[in-house]
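Protein chains in written order, with the UniProt record's numbering: chain A, 1 to 321; chain B, 1 to 340; chain C, 1 to 312.
Everything labelled a hint here was simulated from the structure, so no lab data went into it. Do not take every clue at face value.
[Stated by the list, open to error] Here are some, though not all, of the chain B residues that point toward chain C, as calculated from beta-carbon distances under 8 Å:
| id | residue |
| --- | --- |
| 1 | I29 |
| 2 | L116 |
| 3 | P118 |
| 4 | E128 |
| 5 | M182 |
| 6 | R183 |
| 7 | S195 |
Backbone N, C-alpha and C fix where the C-beta goes; we use that ideal spot for every residue, glycine too.
Residues per chain are reported as follows:
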Amino acid sequence: MTAALDVRGLTTRFDTRAGLVTAVNDISFSVEPGRILGLVGESGSGKSVTGFSILGLIDAPGEVAAGEIRVAGTELRGLAPAAMRRMRGSKVAMVFQDPMMTLNPVLRVGDQMAMAVRVHERMSKRAAWARARDALATVGIPAPEERLMAYPHQLSGGMRQRVAIATALLHRPGVIIADEPTTALDVSIQGQILAEIRRLADETGTAIVWITHDLAVVSSLADEICVMYAGRIVERGPAEAVIAAPRHPYTRGLLDSVPSGHAPGQPLPQIPGSTPQLANLPAGCPFRPRCPRATDLCRTTPPARGSDGREVLCHHPLEAA
Amino acid sequence: MTEPLLKIEAVSKRFSRRPALAERLAGRITGRPARDETVHAVTDVTLEVARGEVLGVVGESGCGKSTLGRMVAGIHAPSEGRVTLAGQPVARDRGGHVTKLTPNVQMIHQDPFASLNPRMKVGETIAEGPRQHGLTPPAEIPAMVRALMAQVGLEGAYANRLPHQFSGGQRQRIAIARALAMRPDLLVLDEAVASLDVSIQAQVLNLFLQLRRDLGLTALFISHDLSVVRHVCDRVAIMYLGRLVELAPAEELYAAPKHPYTAALFASVPEIGRGRRAFHPIEGEIPSPLDPPPGCPFHPRCPMAGPRCRTEVPALGPAGPGRAVACHLEHGGTGAEVAA
Amino acid sequence: MSDTTLSEGGPVPVPSAPPAETRATRLRHFWDDYRRAPMAVAALGLVVLMLLLSFGAPLVAPQDPYDMAALDYADAFLRPGETGSGGYVHLLGTDNAGRDMLSAILYGLKTSFVIGLSAGALALALGISVGLTAAYFGSRVEALLMRVVDLQLSMPAILLALVLVAVLGQGVAQIVLALVVAQYAYFARTTHGAATAERRKDYIEAARSTPLPTHRVLLRHLLPNVMPPLIVVATVQVASAIALEATLSFLGVGLPLTEPSLGSLISNGFKYIHTDRTWLSIYPGVALMVTVVAINLVGDQVRTVLDPRNSR
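Next up, chain A with everything else stripped away, as it sits in the complex (with noise of 0.2 Å):
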């Protein structure tokens, strides 16, 4: 089976004052039809230049240097910038935090929606507005026809996030990359939305990358997890699995962070240090200067180590539980 989104040695860097900074760092992983891959990481990670990276929408002074970029089979690296637009909407798409990135605010939501559709093919106006209608009956909007009819002011944050999504299901791509879509919404809202994408996933084959800092989101919505620090992928695997046993301290100290689960009041255990500056990385594994369990080992560069679908990017990963 091919998989849906195959992404190899994808290096972005950036060209900036400060020098030359690598912003993804020789990262890997795939999505299978139908799956949904969270991608987690704090500020400054990578894990957003990556989705941006896979679209093809780095602009100078950033570049992607490296790594194969294969969806459904077909190499993203290289196309001409015509036939990159012709992928990026048909056979993939994107989902932004701030829905007004997609949405045009002085075009009816239908007008829109059936433009992109007939950007990609040739089709009649009704055909494309019945496209677009059925497109938000699908992301669960109540009353598609009235939707269509308005202005994106006129509707709430979350039914323009779903708006967004619809509009980047117009040609059923094989891949969605969705990039912290609901960071901005009320929870009771994102509730919703996160019971749509499941759905929708499961139901059309769509496989989702879901870019995020929620690991709380990401533990009740992903099959596989990818955690970035600085950059690197430090830690892959199922779901359920790193969320119960972290094998990279970052990540059981990511885990940790959070107060759920601990008894109220008390300290939480946390990380020290802040969130590293890409232009000033310490040589060998990024998160040492921060690690409970670093050596001097550790100013090497870690090794990828793992089975079972498991991936650790450490010198002394934790034990399997």
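Use these hints to put chains B and C onto chain A, whose structure you have.
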């Protein structure tokens, strides 16, 4: 029982916006006259905070928790009701111009990238309040700044730097130091850890817990994050669409929520370790505070709503020791029972 | 140097923050960004050169054009490159009174700079006061002040300046005053726009809820943060003030020829435009044009550098 430090008495806040001239003209031409818009941000909220207590205020967007916090911090004045600190009003409103009357309430904002003056050295940001109010003799100000920075876990030598040289977590520590410099009786924390990375959030929560132990802080802790509130608060107030719907000691609330909204909110939050599961999100959308529904604000989304809920606003009434709920289910029934 | 944080096991050393950024390094970053446009660097060089030459005119210029005793009618209308009775070459020729044109242009440039810079500075101060007051207090104060500003912006600045000079009379101070009144509205508008955006930010709310007195919130918190766009407007408005002054003098209501500015020199030369004595109007005209264009190029590049969208 001692007199509570903070008293919020039957407070309401409305924001009115008159349409601009151009909008009124456009309305006249299109035949859809533009009307004054009134946002009912907070409606009839009564709360008390005892000295040394941390009260959590929880709710989703449009619930009025931030407006409530800003009234306590003296940035807004209530449209109705009173906010008093140790018996004295916090702010005065003269013709729409609000003047804060006390330095004894200090606020910590959500976004540490916006809450520090980008062109002022952080030491000066910390020092200017106490200097202005004569809390610290001028000669002792540098020492005070160093001591405060140490207290929040920052090197005193960083006092000469500008905010953009600090990370988000460090900035939030600076904002805390600025608030503590005024030696306030009450802190208002408005989503103070919401914009921080998870690992940094834990550090700042620990700092808050430590300061609370050391200084006996009293605080209003506003947040949408249920697990954070549970961790640091003694009592929790749940707000929905401008109204207080439930008030209870934290542990009891989390163990057994009584308001259907509170229960639904808890059920819809994903939690680590519960595994992948079917979600139980609350149906429907949050109504607009421009046009709140009649009766109980939650009735359009409430699975238990009856006829009475659609017409009569439930009052906040006692529901066990130290607890209060605004729900007809607890107080006389929804009217559905009669029909059935 | 290490930072410590609280944790269960006592203080834990963490990596220190990046080294302190001083005013000097910020200036160097600004310059690094600025010099990416060679045209703008050339323009800046030109502006500096003209400032040096004009303010150093008594040392550089071959003649003092204000000194009537030094003028000799025998030297009238010498062509560029001819040698006059003073025994030196008049590089740009002489005018009808025997004035050396190069000297007159340098002295005139100085007058133009003095007027442009002082009018710009005063208009900036007035505009900031009006714009900040309007933005901070809002409601009726804002409506009143900004309507006055809008009214003024709807009128051509030259028209307003002409009327004012006609009322106030001739002289450097009068012209500066007229230019300030004609131009402060641009600063007021820009200040108001920037301050309205800044005022909503949390740090202003934090300052107000400390509470700090209003003047401190305005001067220490709001003002420093609305300066960057004002610097750009100021550059452009200095150029515009120089051009306006030249226009007034050209129209004969500005400065008299005994106190030459670029405008009055052009005006004087214009009388001879239909003869072959074109050097009398062309050289002062070129000096004016180069000055105004160079200042505007500098302003454009400052705008580009200060634009946060272009930062790296």
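Does the closest beta carbon of chain C sit nearer than 8 Å to the beta carbon of I29 (chain B)? For I29 (chain B), the interface hint is violated, since the closest Cβ of chain C sits about 23 Å away, which is over 8 Å.
For the hint on L116 (chain B), does the least C-beta distance to chain C fall short of 8 Å? It holds, given that the least Cβ distance between L116 (chain B) and chain C is near 6 Å, below 8 Å.
Residue hint R183 (chain B), partner chain C, criterion CB-CB below 8 Å: violated (12 Å)
With 8 Å as the cut and Cβ atoms as the points, is P118 (chain B) at the interface with chain C? holds (7 Å)
So, as I understand it, the hint says S195 (chain B) touches chain C; can you test that by seeing if any CB pair is closer than 8 Å? violated (11 Å)
Hint check: 8 Å Cβ-Cβ cutoff, E128 (chain B) to chain C: holds (7 Å)
Verify the interface restraint on M182 (chain B): the C-beta must sit less than 8 Å from at least one C-beta of chain C. holds (7 Å)
Hints 1, 6 and 7 from the earlier list are contradicted by this structure; the remaining hints agree with it.
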